[in-house]
Amino acid sequence: MVRNIPYLPVMDQRIPADMILLRTSANNKGSCFIKTDQLDGETDWKLRTSLPLLQELQSDEELLTCGIKLNIEPLQKDLYSFSGRLSMTPRESDTGIEEPLSLVNTLWANTVLATGSIVGLVIYVGKETRSVLHTSTPRAKTGLVDREINNLTKVLFLSMMILAVIILSLKGFSSYWFVYLLRYVILFSYIIPISLRVNLDMGKLVYSWIIQRDSNIAGNLVRNSTIPEELGRIEYLLSDKTGTLTKNEMVFKKIHLGSISYTSESSDEVRRLLSAYYTSHSPQATNELLVDCVLALALCHNVTPVLEDADKNNELDKDDEEEEVLLYSKCNETKTLSFQASSPDEIALVEWAKKVGMVLTSRDTNSIQIELPDHSIASYDICHLFPFTSERKRMGIIVKNSRTNAVTFYMKGADNVMSTMIEYSDWLTEECGNMAREGLRTLVVGKKHLSVEQFNTFDTRYKQAQLNISDREAATASVIESIENNLELLCVTGVEDSLQTDVRPTLELLRNAGIKVWMLTGDKLETATSIALSSRLIARNQPIFTLPEVSSRGDVHAQLNQLRKKNDSSLIISGHGLELCLQHYETEFIELACQCPTVVCCRCSPTHKSTVVQLLKTYTRKPVCAIGDGGNDVSMIQAANAGIGIAGKEGLQASLAADFSLTQFSHISRLLVWHGRNCYKRSASLSQFVIHRGLIITAMQVVFSAIFYYAALSLYEGILMIGYATVYTMAPVFSLVLDEDVSSDVALTYPELYQELMKGRVLSLKTFFIWVLISVYQGGVIMLLGFWLFDSQLIHVVSITFTALILTELLMVALTIRTWHLVMIISELITIAIYVSSLVLLKDYFDGKFLLSFDFVWKTMLITALSCLPLLVLKIGYRKCAPPSYAKLLKQNSMFRNCCRFSCY
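The opening residue of the sequence shown carries number 8 in this note's numbering; numbering runs sequentially from there.
Keep in mind the hints are simulated off the structure, nothing from the lab.
Incorrect hints may have been included.
Stated by the list, open to error - Within a straight-line C-alpha distance of at most 27 Å, the following computed DSSO-like cross-link-like pairs (lysine-lysine) qualify:
1. K134 / K76
2. K882 / K850
3. K362 / K178
4. K470 / K629
5. K573 / K76
6. K766 / K624
7. K178 / K161
8. K254 / K361
9. K856 / K161
10. K882 / K773
11. K531 / K84
12. K161 / K84
13. K573 / K400
14. K134 / K254
15. K531 / K573
16. K260 / K76
17. K866 / K856
18. K866 / K887
19. K850 / K161
20. K148 / K260
21. K882 / K766
22. K254 / K178
23. K766 / K148
24. K254 / K531
25. K407 / K470
26. K400 / K260
27. K572 / K629
28. K361 / K260
29. K866 / K882
30. K573 / K629
31. K161 / K148
To be verified - Simulated restraints on C-beta separations:
32. D221 / E515: 13 to 23 Å
33. P550 / P23: 46 to 56 Å
34. S268 / T149: 37 to 47 Å
35. L212 / N441: 49 to 59 Å
36. V424 / E276: 23 to 33 Å
37. L474 / S558: 43 to 53 Å
38. E437 / R468: 13 to 23 Å
39. L791 / L836: 29 to 39 Å
C-beta atoms are modelled at their ideal positions from N, C-alpha and C, and glycine is treated no differently.
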């Protein structure tokens with residue numbers, strides 16, 4: 008029994024819990040609109056209706072005396088379906104009344120009331136609400152580079168232990184062998200790059216600062232500075248549609264009547280023809296057909312006109328027609344009349360009808376008023392409304408002219424569905440194909456006049472079917488289909504969903520970079536397919552495999568077998584089909600989907616999106632990036648290796664939850680192909696050089712201990728070791744975070760360069776062992792040549808080898824740099840100046856007279872040269888024999904510029 012019923016007195020208030028809509032404010036007449044952009048990502052307002060029996064009550068207080076009881080389905084996560092039953096027993100009656108409940112009677116938590124005020128009954132709260140069920144707990148993200156470096160550190164630790172045991176074995180196991188083992192471990196502990204984590208974290212801060220200062224992607228923010236390297240190895244990009252790829256602004260483009268067509272530029276001509284028809288009643292057949300078409304567009308929809316002024320929004324739902332005309336006239340003068348609907352396609356068509364002279368001035372659950380070109384008002388009673396569903400792929404409405412009492416059934420829908428319900432037409436298929444090739448979303452419009460007997464028979468059967476609670480949908484669908492035949496074809500309309508700026512070239516660039524782009528959207532299948540084609544996410548001539556609605560494991564198995572035979576086909580699948588595929592054949596589905604060049608998932612809930620991200624990460628073990636702009640994309644963004652949020656019309660929820668925030672989709676190309684490349688390659692170079700810095704001094708320590716009979720003595724004093732890891736080498740090594748192998752123009756002109764990064768060859772076991780060999784060679788050369796050339800001056804071994812070590816490190820940094828930066832030059836010079844100053848100041852460690860001798864200078868230079876020159880020769884030879892791709896491009900660009908310069912002369 009109901010005791011406490013929430014009341015939302017004002018619009019723009021967020022729904023606090025999952026509720027059943029009981030009543031709306033009196034002027035809304037049982038209907039209201041809600042905003043669901045933070046739940047399913049769709050910016051279109053959704054229509055919700057109250058129960059007729061409760062709406063007819065005199066006051067809200069009577070709800071507490073009606074004995075209302077609910078019987079609803081078990082808790083589930085589906086956002087797009089709901090079933091239940093409301094029963095009530097009024098005080099003056101002993102018999103109970105039952106009303107079926109469906110999705111149109113619900114208000115999910117986290118949606119926003121857009122019009123009027125409502126009274127609702129709470130059914131789920133807290134963790135049981137749909138919005139919470141589709142959220143996920145955020146996790147701390149660790150980049151792939153960090154995990155690879157952790158693995159290399161484990162290898163270094165194991166190497167240190169093995170090296171200590173080998174030296175101890177050569178020395179011999181004495182009674183205190185464990186003490187010597189511990190001392191060897193301490194001496195060789197420099198092999199573990201303790202400063203590596205500090206250098207990498209500081210480097211990531213520099214990367215974040217560089218990204219945010221890039222004027223070419225102004226307005227971007229780096230909210231997570233721990234994973235910028237992930238941007239350089241993305242293989243899968245999962246994108247939302249609404250607000251990300253598109254502006255969600257439908258624009259009317261064309262209407263075709265069979266013998267003639269009109270475009271959006273022909274609106275003035277259409278307006279003139281309509282005006283002539285209503286003022287002079289022209290008998291021309293073309294004008295009469297055009298009038299029927301525009302009237303059908305003005306009537307067959309689920310659009311509600313809304314008045315917007317400085318204070319509040321009011322629906323145009325007055326009962327007095329004179330008041331309506333005055334109110335609309337005022338609205339027309341101040342240009343505050345707008346339309347709201349659950350589909351932007353319908354708004355575009357109604358807007359165009361308004362533009363050519365047929366204006367929707369008022370709409371409620373029972374009637375529609377249209378202002379005709381002669382400024383008269385035509386009123387129509389809404390007898391029945393059949394909303395659009397993904398299964399039906401069409402919507403219809405039965406209206407009765409209040410003046411003539413003529414009953415007409417209007418219907419519009421997808422061409423493949425409508426073609427079987429209309430009378431034969433020799434131009435429909437061809438014209439729909441032409442519009443589709445232009446990237447337009449087509450709707451076929453038809454009508455049928457119903458006699459009084461036909462309508463009464465249908466009305467009786469339909470109302471009986473609605474009372475069927477157990478199988479209501481099938482029963483009502485069967486009744487509706489009884490009149491969906493022999494319709495008169497009126498026209499075909501084409502609308503275009505405006506894409507975001509530079510979406511097509513951006514998707515093309517990402518495709519050339521080897522990144523597979525998947526689109527996950529909550530929109531209908533037809534809408535998703537249309538945008539995938541118009542944005543060139545799916546190429547024009549690329550085959551498409553649309554996985555139909557499946558209901559059993561056998562159906563799923565059969566469709567996956569069909570998909571296996573469709574090589575190089577893009578996959579389009581609904582959320583329900585995706586759920587069944589993952590439930591029964593998860594591995595097989597992901598395997599087949601990854602082979603498709605493009606995958607489009609429509610009717611996806613937030614849980615579906617995050618599940619796809621998790622499965623891709625688990626199955627492919629490749630970095631996955633997710634981008635979106637709405638609250639429904641947060642789970643997907645947080646589950647991805649790199650999440651990108653777009654600050655747009657749907658608010659900042661996605662932007663605040665993301666690792667990186669952009670202002671538009673096209674900026675992602677520069678973020679990945681240029682900044683991602685730099686971050687990854689710079690971190691790889693920096694980490695390997697820091698590892699080399701510890702390996703070379705460990706190699707020198709091993710040689711020193713071996714020469715002096717495996718003595719467990721340190722080669723250098725502690726202050727020198729601290730200086731070696733900080734002031735003597737830190738600045739030049741860290742300056743590698745500014746290095747770049749190609750310019751931004753080259754990286755964006757040749758996105759194929761990005762594909763090489765996906766292989767992970769910049770930082771791998773191969774490159775690691777190459778640096779190990781380099782470190783062993785240089786450490787051995789410095790120590791052995793130091794002892795050989797200064798055999799009579801071994802007391803100065805520290806000065807000799809340490810100076811050669813510092814010079815070798817500085818030269819190696821210079822040899823590693825590919826593009827010199829002013830900061831790099833300054834860091835090298837300052838480091839040399841600091842070391843020379845320390846030679847003078849640290850008199851306890853260095854002999855000044857010996858350091859000034861010519862013998863010390865030339866021999867130290869010889870040691871340094873022999874430790875670096877062979878590596879330089881090998882590097883040059885390798886680049887000549889097998890140059891990297893970017894080197895080839897730089898050479899080609901240089902030759903092209905020289906040719907241009909020569910031609911100018």
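These are the hints, each one checked on the structure:
1. Among the hinted pairs, K134 with K76 is consistent with the structure: their alpha-carbon atoms are about 23 Å apart, no more than 27 Å.
2. For the proposed pair K882 and K850, the alpha carbon gap of about 39 Å is over 27 Å, so the pair is violated.
3. In summary, the hint linking K362 to K178 is not supported, as the alpha carbons are separated by about 96 Å, beyond the 27 Å threshold.
4. Distance hint between K470 and K629 is unfulfilled; the C-alpha atoms sit about 55 Å from each other, more than 27 Å.
5. With a C-alpha separation of about 52 Å, the suggested pairing of K573 with K76 is violated against the 27 Å cut-off.
6. Distance restraint check for K766 and K624: the Cα-Cα separation of roughly 16 Å lies within the 27 Å cut-off, and the hinted pair is therefore satisfied.
7. Taken as a hint, the K178 and K161 pair is honoured in the structure, with Cα atoms around 26 Å apart against an allowance of 27 Å.
8. Among the hinted pairs, K254 with K361 is consistent with the structure: their alpha-carbon atoms are about 22 Å apart, no more than 27 Å.
9. Taking the CA atoms of K856 and K161, the gap is about 44 Å. The hint is violated against a cut of 27 Å.
10. Taking the CA atoms of K882 and K773, the gap is about 16 Å. The hint holds against a cut of 27 Å.
11. The straight-line distance between the Cα atoms of K531 and K84 is roughly 18 Å, inside the 27 Å bound, and the hint therefore holds.
12. Distance restraint check for K161 and K84: the Cα-Cα separation of roughly 44 Å exceeds the 27 Å cut-off, and the hinted pair is therefore not satisfied.
13. A hinted pair counts as satisfied when its Cα atoms are at most 27 Å apart, and K573 with K400 qualifies at roughly 25 Å.
14. With a CA separation close to 33 Å, the supplied pair K134 and K254 exceeds the 27 Å bound.
15. A C-alpha spacing of about 23 Å is found between K531 and K573, which places the hinted pair at or below 27 Å, so the restraint holds.
16. For a cut-off of 27 Å, the pair hint linking K260 to K76 is broken: about 50 Å separates their Cα positions.
17. Between K866 and K856 the alpha-carbon distance is near 15 Å, which keeps this suggested pair within the 27 Å criterion.
18. Restraint check: the Cα-Cα separation between K866 and K887 comes to about 31 Å, which exceeds 27 Å; the hinted pair is violated.
19. The straight-line distance between the Cα atoms of K850 and K161 is roughly 39 Å, outside the 27 Å bound, and the hint therefore fails.
20. As the CA atoms of K148 and K260 are separated by approximately 45 Å, the hinted pair breaks the 27 Å bound.
21. Pair hint K882 plus K766 holds up; C-alpha atoms about 21 Å apart against a cutoff of 27 Å.
22. A hinted pair counts as satisfied when its Cα atoms are at most 27 Å apart, and K254 with K178 does not qualify at roughly 74 Å.
23. Between K766 and K148, the direct Cα distance comes to roughly 21 Å. Compliance with the 27 Å bound is thereby established for this hinted pair.
24. As the CA atoms of K254 and K531 are separated by approximately 16 Å, the hinted pair is consistent with the 27 Å bound.
25. Simply put, K407 and K470 have alpha-carbon atoms about 18 Å apart, close enough for the 27 Å limit, and the pair holds.
26. Annotation: proposed proximity of K400 to K260 holds, straight-line Cα distance about 21 Å (limit 27 Å).
27. For a cut-off of 27 Å, the pair hint linking K572 to K629 stands: about 25 Å separates their Cα positions.
28. With a C-alpha separation of about 15 Å, the suggested pairing of K361 with K260 holds against the 27 Å cut-off.
29. Restraint check: the Cα-Cα separation between K866 and K882 comes to about 25 Å, which is no more than 27 Å; the hinted pair holds.
30. Proposed proximity of K573 and K629 is supported: the alpha carbons are some 24 Å apart, at most 27 Å.
31. Restraint check for K161 and K148: the C-alpha separation of about 21 Å stays at or below 27 Å, so the hint holds.
32. Roughly 21 Å separates the CB atoms of D221 and E515, a value that falls within the hinted 13 to 23 Å.
33. Checked against the hint of 46 to 56 Å, the C-beta distance between P550 and P23 comes to roughly 48 Å, which is consistent with it.
34. About 57 Å separates the C-beta atoms of S268 and T149, a value inconsistent with the hinted range of 37 to 47 Å.
35. In this structure, L212 and N441 meet the distance hint of 49 to 59 Å, their C-beta atoms being roughly 55 Å apart.
36. The given range of 23 to 33 Å is respected by V424 and E276, whose C-beta atoms sit roughly 31 Å from each other.
37. For the pair L474 and S558, the beta carbons lie near 26 Å from each other, so the given range of 43 to 53 Å is not met.
38. Checked against the given bound of 13 to 23 Å, the beta carbons of E437 and R468, roughly 37 Å apart, lie outside it.
39. A C-beta distance of roughly 30 Å is found between L791 and L836, which places it inside the suggested range of 29 to 39 Å.
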